[in-house]
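Chains A and B, in that order, are what the protein sequence lines are. Going letter by letter, the first sequence gives residues 1 to 454 in full-length UniProt numbering. Going letter by letter, the second sequence gives residues 1 to 454 in full-length UniProt numbering.
By construction, these hints were calculated from the structure, which means they are not laboratory data. Some hints could be false.
A pair counts as met if it fits within one copy or between any two copies, since identical chains are not told apart.
Using 27 angstroms as the maximum straight-line C-alpha spacing, the simulated DSS-like pairs for lysine-lysine come out as follows [stated by the list, open to error]: (1) Lys286 to Lys352; (2) Lys125 to Lys90; (3) Lys180 to Lys372; (4) Lys129 to Lys375; (5) Lys27 to Lys37; (6) Lys251 to Lys2; (7) Lys90 to Lys251; (8) Lys251 to Lys5; (9) Lys129 to Lys251; (10) Lys180 to Lys421; (11) Lys372 to Lys125; (12) Lys247 to Lys2; (13) Lys5 to Lys247.
There are 2 protein chains.
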Amino acid sequence: MKTRKITLSEQEIPEHWYNIVADMPNKPLPPLHPGTKEPIGPEALAPLFPQELIQQEVSTEKWISIPEEVRNIYSIWRPTPLFRAYELEKALDTPAKIYYKYEGVSPAGSHKPNTAVPQAYYNMKEGVKRITTETGAGQWGSALSFACNIFGLECEVYMVKLSYEHKPYRKVMMNTWGAKVIPSPSEFTEAGRKILAEDPNSPGSLGIAISEAVEMAAQREDTKYALGSVLNHVLLHQTIIGLEAYKQLEKAGDLPDVVIAPFGGGSNFAGLSFPFLRLNFDEGKKIRCIASEPTSCPKLTRGVFRYDFGDTVGMTPLLPMYTLGHNFVPAPIHAGGLRYHGAGAIVSQLLKDGLIEAQAHDNVEVFEAGIKFAKAEGIIPAPEATHGIATVIREAERCKREGKSETILFNLCGHGNFDMKAYQDYFEGKIVRHELTDEDIQKSLAALDTPVIG
Amino acid sequence: MKTRKITLSEQEIPEHWYNIVADMPNKPLPPLHPGTKEPIGPEALAPLFPQELIQQEVSTEKWISIPEEVRNIYSIWRPTPLFRAYELEKALDTPAKIYYKYEGVSPAGSHKPNTAVPQAYYNMKEGVKRITTETGAGQWGSALSFACNIFGLECEVYMVKLSYEHKPYRKVMMNTWGAKVIPSPSEFTEAGRKILAEDPNSPGSLGIAISEAVEMAAQREDTKYALGSVLNHVLLHQTIIGLEAYKQLEKAGDLPDVVIAPFGGGSNFAGLSFPFLRLNFDEGKKIRCIASEPTSCPKLTRGVFRYDFGDTVGMTPLLPMYTLGHNFVPAPIHAGGLRYHGAGAIVSQLLKDGLIEAQAHDNVEVFEAGIKFAKAEGIIPAPEATHGIATVIREAERCKREGKSETILFNLCGHGNFDMKAYQDYFEGKIVRHELTDEDIQKSLAALDTPVIG
Numbered sequence: 001m002k003t004r005k006i007t008l009s010e011q012e013i014p015e016h017w018y019n020i021v022a023d024m025p026n027k028p029l030p031p032l033h034p035g036t037k038e039p040i041g042p043e044a045l046a047p048l049f050p051q052e053l054i055q056q057e058v059s060t061e062k063w064i065s066i067p068e069e070v071r072n073i074y075s076i077w078r079p080t081p082l083f084r085a086y087e088l089e090k091a092l093d094t095p096a097k098i099y100y101k102y103e104g105v106s107p108a109g110s111h112k113p114n115t116a117v118p119q120a121y122y123n124m125k126e127g128v129k130r131i132t133t134e135t136g137a138g139q140w141g142s143a144l145s146f147a148c149n150i151f152g153l154e155c156e157v158y159m160v161k162l163s164y165e166h167k168p169y170r171k172v173m174m175n176t177w178g179a180k181v182i183p184s185p186s187e188f189t190e191a192g193r194k195i196l197a198e199d200p201n202s203p204g205s206l207g208i209a210i211s212e213a214v215e216m217a218a219q220r221e222d223t224k225y226a227l228g229s230v231l232n233h234v235l236l237h238q239t240i241i242g243l244e245a246y247k248q249l250e251k252a253g254d255l256p257d258v259v260i261a262p263f264g265g266g267s268n269f270a271g272l273s274f275p276f277l278r279l280n281f282d283e284g285k286k287i288r289c290i291a292s293e294p295t296s297c298p299k300l301t302r303g304v305f306r307y308d309f310g311d312t313v314g315m316t317p318l319l320p321m322y323t324l325g326h327n328f329v330p331a332p333i334h335a336g337g338l339r340y341h342g343a344g345a346i347v348s349q350l351l352k353d354g355l356i357e358a359q360a361h362d363n364v365e366v367f368e369a370g371i372k373f374a375k376a377e378g379i380i381p382a383p384e385a386t387h388g389i390a391t392v393i394r395e396a397e398r399c400k401r402e403g404k405s406e407t408i409l410f411n412l413c414g415h416g417n418f419d420m421k422a423y424q425d426y427f428e429g430k431i432v433r434h435e436l437t438d439e440d441i442q443k444s445l446a447a448l449d450t451p452v453i454g
Numbered sequence: 001m002k003t004r005k006i007t008l009s010e011q012e013i014p015e016h017w018y019n020i021v022a023d024m025p026n027k028p029l030p031p032l033h034p035g036t037k038e039p040i041g042p043e044a045l046a047p048l049f050p051q052e053l054i055q056q057e058v059s060t061e062k063w064i065s066i067p068e069e070v071r072n073i074y075s076i077w078r079p080t081p082l083f084r085a086y087e088l089e090k091a092l093d094t095p096a097k098i099y100y101k102y103e104g105v106s107p108a109g110s111h112k113p114n115t116a117v118p119q120a121y122y123n124m125k126e127g128v129k130r131i132t133t134e135t136g137a138g139q140w141g142s143a144l145s146f147a148c149n150i151f152g153l154e155c156e157v158y159m160v161k162l163s164y165e166h167k168p169y170r171k172v173m174m175n176t177w178g179a180k181v182i183p184s185p186s187e188f189t190e191a192g193r194k195i196l197a198e199d200p201n202s203p204g205s206l207g208i209a210i211s212e213a214v215e216m217a218a219q220r221e222d223t224k225y226a227l228g229s230v231l232n233h234v235l236l237h238q239t240i241i242g243l244e245a246y247k248q249l250e251k252a253g254d255l256p257d258v259v260i261a262p263f264g265g266g267s268n269f270a271g272l273s274f275p276f277l278r279l280n281f282d283e284g285k286k287i288r289c290i291a292s293e294p295t296s297c298p299k300l301t302r303g304v305f306r307y308d309f310g311d312t313v314g315m316t317p318l319l320p321m322y323t324l325g326h327n328f329v330p331a332p333i334h335a336g337g338l339r340y341h342g343a344g345a346i347v348s349q350l351l352k353d354g355l356i357e358a359q360a361h362d363n364v365e366v367f368e369a370g371i372k373f374a375k376a377e378g379i380i381p382a383p384e385a386t387h388g389i390a391t392v393i394r395e396a397e398r399c400k401r402e403g404k405s406e407t408i409l410f411n412l413c414g415h416g417n418f419d420m421k422a423y424q425d426y427f428e429g430k431i432v433r434h435e436l437t438d439e440d441i442q443k444s445l446a447a448l449d450t451p452v453i454g
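Make a model of the complete structure from these sequences and hints.
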């Protein structure tokens, strides 16, 4: 019998996260103050994050120790399995070897708890009583609810009102773990009240929800804020994925030629790929790392590299990023986790320096890829994950054309159990291609008055 | 770091299923013809099932070899992990050691693929082109859809119309794996047309759906029928669960004092417990095996042992079973898999002979148990699984009162990702206790004219 799953014991859960900043030839540029546009230091983050996370945010240490209590909670679902996708290889009739790291085995069903757990842990250690956050489709909110429950913290999730009404089951999941879920905009915050005064029926947006969560954290002594992607410390925590995958491939006697992951704000992609980029830096390997994004939100393939805000409203520090402009409104695709206008600072610098690649896929192509995967391998992937699968299929077809038996590794970042409405829409012919013209993109970028880089 | 998950390699997937019939002191009584009420032989099943499954249905061999092709597909999700529930133990402050076998890691999210895969395999081997089945909430239908897709068989699922309308996501899941899902009653069968003529708005029932699926299989040469519980061969396939759990507990240097599983038709309970009952038979162990049922459908704790039909309409052979009467209509609890009037022949005989136990739990108690579990261990359990958890909590509390450090093992048969509506109802106060009076039960039993036993 062929071995499909390469597993590790709990004792083999890595003891350190990998901080790629230590190895980057060009370090990410500093964040700027949203008002003065001057570089800001770590102390500016103190009202929102605990000290330990701020230190990680600016650290240049290569390896950062994972606390034993975090490894202990990781062991609820980690190490996650690495699968050899024999059935997908057969379905594609490709000479490529395809592996996938499956992060959907976590209680929340995605890779998000990898950072939610340490974030909740460090907050608890520093005496914080409550964490606020925002969530769109609900993946990040449920991961943080799970993590806060474990460490006895209260969790307040500002959920985009439209999602709150259309995706009640993610909300129920958060409630089950004891979190309070508030439809945003709400009457609880100044930001929310302001929006509601203008439009009492506002459906909300991720930008508004961020403003509410940040406001509620900043005004209470015992409360901090947590973010699920983009920031350096979030990407750092996710490297547990690639570090495990590397150990697993070593056991299989293999090493990837191509590493692929979906791209929203960067943590999914960073999580799998950074530990392999390390081999490029340290050992001169030439592993290609490809970020997969939707053609409807193509910041890496069609955006510009400049300073931009993390939120829509313009309250956050300015970050150096590949961006479509913070006012860009992506089409309402089901892969909610990929509907973000910008990319984190580290990943943006890596792309700028030609150290990583990006590919974009249309909405119809990704569902075809997702269903092909589900039929071959059994697992129904989350809409975000189908973007990575689409890139895998492209690369596997290239291998076939070129007659090359390359090794492809990708991140199956979550299952689609809470996304069956998306598949239903596909079967009912409601999934359409979203063509973005250069004009659309230029229009959004022309409105930017944020600092240009270099 | 304490080890939470006891894992096995794919090479350790058992090579045989365990057939408890070989060890039973009193074998199950034979099925009777629904018309003549005379015992029937295996040949009566030939229009519906392939030969290999019929042989398994009547086999008295103790060990039945698992085909290599089936073990290969099992390896997509098996061996499943065995968890030591440290956090639940802590939450209950019990001296008991609690383990759970987690079957929710299968692509369909429950233990059902354990039998769906071999059933599809044997059908494929014997040249069958299409399998029909019925499904209520959709767990069995999705498992069979997954399995048929793997072996290139068509799959036709008759889904109770009310569920078809209220639970569209299970239907989408089946579609994703290529199955055809038909709301029942339908115009495609005589049974369906008859019901629709009487009531064009019939919401359907599992009994009607069985009649439709059986009719469609019986009338087509290339089509067979598949059942997801009750029958001997189904219970047999599920013993893979307990056989793995036994190996895993051996690795942990442990052996259960109490084995617990939810009870619908019997396959869930049989799957985990039979391999431990074997130790009682073979080695004189005294492991208690407890079936957990809802108080709203208490066939084991309050039913009678007599012949009864497997379906509502009275078309199937008569089976010796603990039953509430085939016309009994259980309250509409969310644990759809436990809403069945009778118990399989083997389990019924074991209960009659005092070799197993049963406990019933109220609807409110099981949700409290499920949420306690989710908060402690992270995984949100399926409503069926919460019944087992409620029994675990009772036994763990008994251990605490008695100051005993017993070892408790239970079957976490599936996750609740498709059942968040149930949790939502709980949080909204819509989950109510269902009190069955003796009169309710007597009324249903009084209507029975099926043969009495002994």
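Hints and how they fare:
1. Proximity of Lys286 and Lys352 under a CA criterion of 27 angstroms is satisfied intra-copy only: 17 angstroms inside one chain copy versus 68 angstroms between copies.
2. Taking CA atoms no more than 27 angstroms apart as the test, Lys125 paired with Lys90 passes between copies only; the shortest distance there is 21 angstroms, against 49 angstroms inside one copy.
3. Taking CA atoms no more than 27 angstroms apart as the test, Lys180 paired with Lys372 passes between copies only; the shortest distance there is 17 angstroms, against 38 angstroms inside one copy.
4. Proximity of Lys129 to Lys375 under the C-alpha cut-off of 27 angstroms is restricted to the inter-copy arrangement: shortest distance 18 angstroms between copies versus 45 angstroms within a copy.
5. For the identical chains of this complex, Lys27 and Lys37 are intra-copy neighbours only, at 19 angstroms inside a copy versus 83 angstroms across copies, given an alpha-carbon limit of 27 angstroms.
6. For the identical chains of this complex, Lys251 and Lys2 are neighbours both inside a copy (14 angstroms) and across copies (24 angstroms), given an alpha-carbon limit of 27 angstroms.
7. With identical chains, the CA atoms of Lys90 and Lys251 are at most 27 angstroms apart within one copy only, with a shortest distance of 23 angstroms there and 36 angstroms across copies.
8. Taking identical chains as interchangeable, the C-alpha atoms of Lys251 and Lys5 lie at most 27 angstroms apart whether they share a chain (11 angstroms) or sit on different chains (20 angstroms).
9. In this assembly of identical chains, Lys129 and Lys251 lie within 27 angstroms of each other by CA distance neither inside one copy nor across copies; the values are 42 angstroms within and 40 angstroms between.
10. In the homo-oligomer, the alpha carbons of Lys180 and Lys421 lie at most 27 angstroms apart both inside one protomer (25 angstroms) and across protomers (18 angstroms), since each shortest distance falls under that limit.
11. Proximity of Lys372 and Lys125 under a CA criterion of 27 angstroms is satisfied inter-copy only: 24 angstroms between copies versus 45 angstroms inside one chain copy.
12. With identical chains, the CA atoms of Lys247 and Lys2 are at most 27 angstroms apart both within one copy (19 angstroms) and between copies (21 angstroms).
13. Taking the shortest Cα distances, Lys5 and Lys247 sit within 27 angstroms of each other both inside one copy (13 angstroms) and across copies (19 angstroms).
Hint 9 from the earlier list is the only one contradicted by this structure; the remaining hints agree with it.
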